[in-house]
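Novice: Here is how the chains run, residue by residue.
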Amino acid sequence: SQTIHQWPATLVQPVGSPLSLECTVEGTSNPNLYWYRQAAGRGLQLLFYSVGIGQISSEVPQNLSASRPQDRQFILSSKKLLLSDSGFYLCAWDRSMNTEAFFGQGTRLTVV
Amino acid sequence: ELKVEQNPLFLSMQEGKNYTIYCNYSTTSDRLYWYRQDPGKSLESLFVLLSNGAVKQEGRLMASLDTKARLSTLHITAAVHDLSATYFCAVAPMDSNYQLIWGAGTKLIIKP
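Residue numbers (the numbering used here), protein chains in the order written: chain A, 1 to 112; chain B, 1 to 112.
Incorrect hints may have been included.
Unchecked claim - Calculated pairs, DSSO-like style, for lysine-lysine (alpha carbon to alpha carbon, straight line, at most 30 Å):
id	chain 1	residue 1	chain 2	residue 2
1	B	Lys17	B	Lys41
2	B	Lys41	A	Lys80
3	B	Lys111	B	Lys41
4	B	Lys68	B	Lys107
5	B	Lys111	B	Lys17
6	A	Lys79	B	Lys41
Source of the hints: derived by calculation from the structure; they are not laboratory data.
Owing to the predicted nature of the structure, the values given are computational and were not obtained by experimental measurement.
Just need the whole structure built from these sequences, with the hints factored in.
Specialist: In structure tokens, the structure reads:
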């Protein structure tokens, strides 16, 4: 069966510090991978998606970046965090847009 | 502008009652998804609706899609406390392979 791991679960970082969130998928190959951000009490905002190794598409201009160094690994990074980067970050994968997406446990990021 | 609007955004109801959550969208689409999110948790897929007139049921939940009206409904029958959660709909625009447009979510509280 397929599983998705995302860590850490919670993170408190000072403004200006770097960020690295990691997501890995097991039990499938060549998944589509996604990074979403959810503000408190709101819907999801797609940040990045990837259809293959090294292929990253950005949906929202920001000081975040994403990388996919391996088929089932997706990393969200920032060189310098802003207060506005606080939120709930979710990694997800699917096989295609005709199937459901599976989400990781999420990372609650608080920038102080 | 692509919009997905859920109605209501907040719903408090008694156990045993029936109710419907509505999801209206502004773009042409034939793919719509319903997800559930428990407080502080990740998202869980409920239904994937891929054609006009699609209807799916799981337990006390039933979802339908009318692509001509650009409307999906999530109907709750004889609600129980365990269904308390936030429910999201998400729409895949026809001209997008990977982007989902998310509703703001409907927070459902079911009182014993």
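Novice: Next step is simple, just say for each hint if it's right about the structure.
Specialist: To see whether the hints hold, each was checked on the structure:
{"no.": "1", "hint": "B/Lys17 x B/Lys41", "verdict": "26 Å, holds"}
{"no.": "2", "hint": "B/Lys41 x A/Lys80", "verdict": "27 Å, holds"}
{"no.": "3", "hint": "B/Lys111 x B/Lys41", "verdict": "20 Å, holds"}
{"no.": "4", "hint": "B/Lys68 x B/Lys107", "verdict": "27 Å, holds"}
{"no.": "5", "hint": "B/Lys111 x B/Lys17", "verdict": "10 Å, holds"}
{"no.": "6", "hint": "A/Lys79 x B/Lys41", "verdict": "27 Å, holds"}
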